[in-house]
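Numbering (full-length UniProt numbering), first residue to last: 1 to 264.
These are computed hints drawn from the structure, not numbers from a lab. Where is the CB? At the ideal position from N, CA and C, for every residue including glycine. Be aware that a few hints might be false.
Claimed, not checked - Computed spacing ranges between beta-carbons, pair by pair:
no., residue 1, residue 2, range
1, R210, D58, 43 to 51 Å
2, S65, E211, 40 to 48 Å
3, N48, R190, 28 to 36 Å
4, T162, D58, 38 to 46 Å
5, A197, L49, 29 to 37 Å
6, P53, Q184, 42 to 50 Å
7, R43, R166, 27 to 35 Å
8, P200, R248, 48 to 56 Å
9, P238, A197, 20 to 28 Å
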Amino acid sequence: GVILTNAHVVGNARTVQIALADGRRVPGQVVGGDPLVDIAIVRIQADNLPVAPTGDSDRLSVGQSAIAIGNPLGLDRTVTTGVVSAVSRTVQGLPLETALIQTDAAINPGNSGGPLLDSQGRVIGINTVVLRDPSGQGAAPGLGFAVPINLANDVAQQILATGRVRRAYMGVQLAEITPQLAAQFDLPVRQGAGIIAVEPGSPAARAGVREQDIITRANNAAVAGTGDLRRVLRAAGPGGVVTLDVIRPTGRATLRVTLGEAAQ
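Construct all of the structure, not just a fragment, from the sequences and the given hints.
Okay, here's the thing in structure tokens:
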């Protein structure tokens, strides 16, 4: 059997112990993972394994029911309920190259790697993180996030088929454009993905991307931050072409970048 979980749950382990719902404990082999979307794959050898049906995370609606299952604080198979609060949330400060499902179903330490379900019991996401209160006193209530199941399944299929995840390479160093940063440097826009460095000879350099460019759209999708751009690059994949709308000190430009493949 194959189990989806979070990359941060297994860490650098090569083998783990799996506790099944029927009380059995079996060894698991970590097949691989992608820390940039926080997904890992564990394979086990066991009979009579239940399989959770999966939903379509591309068809979620804000306000629909969400059910989280996990092992918070050692309390196994804890179920909490709520709603989908946002369907494509980019969270600043998280080292993830994907937008997340936001839910107000209670998620706590120990929920990581567990499923987020819809009202029909279909898996729509993999619970991954809860935002912390800025004071550091604990989790912010109602702010839990899950990796969309469609993305998790795509990563799993790549790892199982080839042992790795192919990732697009553009060759830039990015900075988040925030309203505060825009005000500080008198920038022409209040959000976007800023270019602070371009690697010589990279796909971006060949396409004419420059330092100080601010990317505001990619493949006709609005870019409010670096997470939005990374999501477009992941969808395009190595060899794909991405059209970028940029604002630069000399005006506006539209650029077409043919993506390379990132080194493993």
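* To do: Quick one: which hint numbers does this structure break? Sort them smallest to largest.
  => 1, 3, 4, 5, 7 and 8
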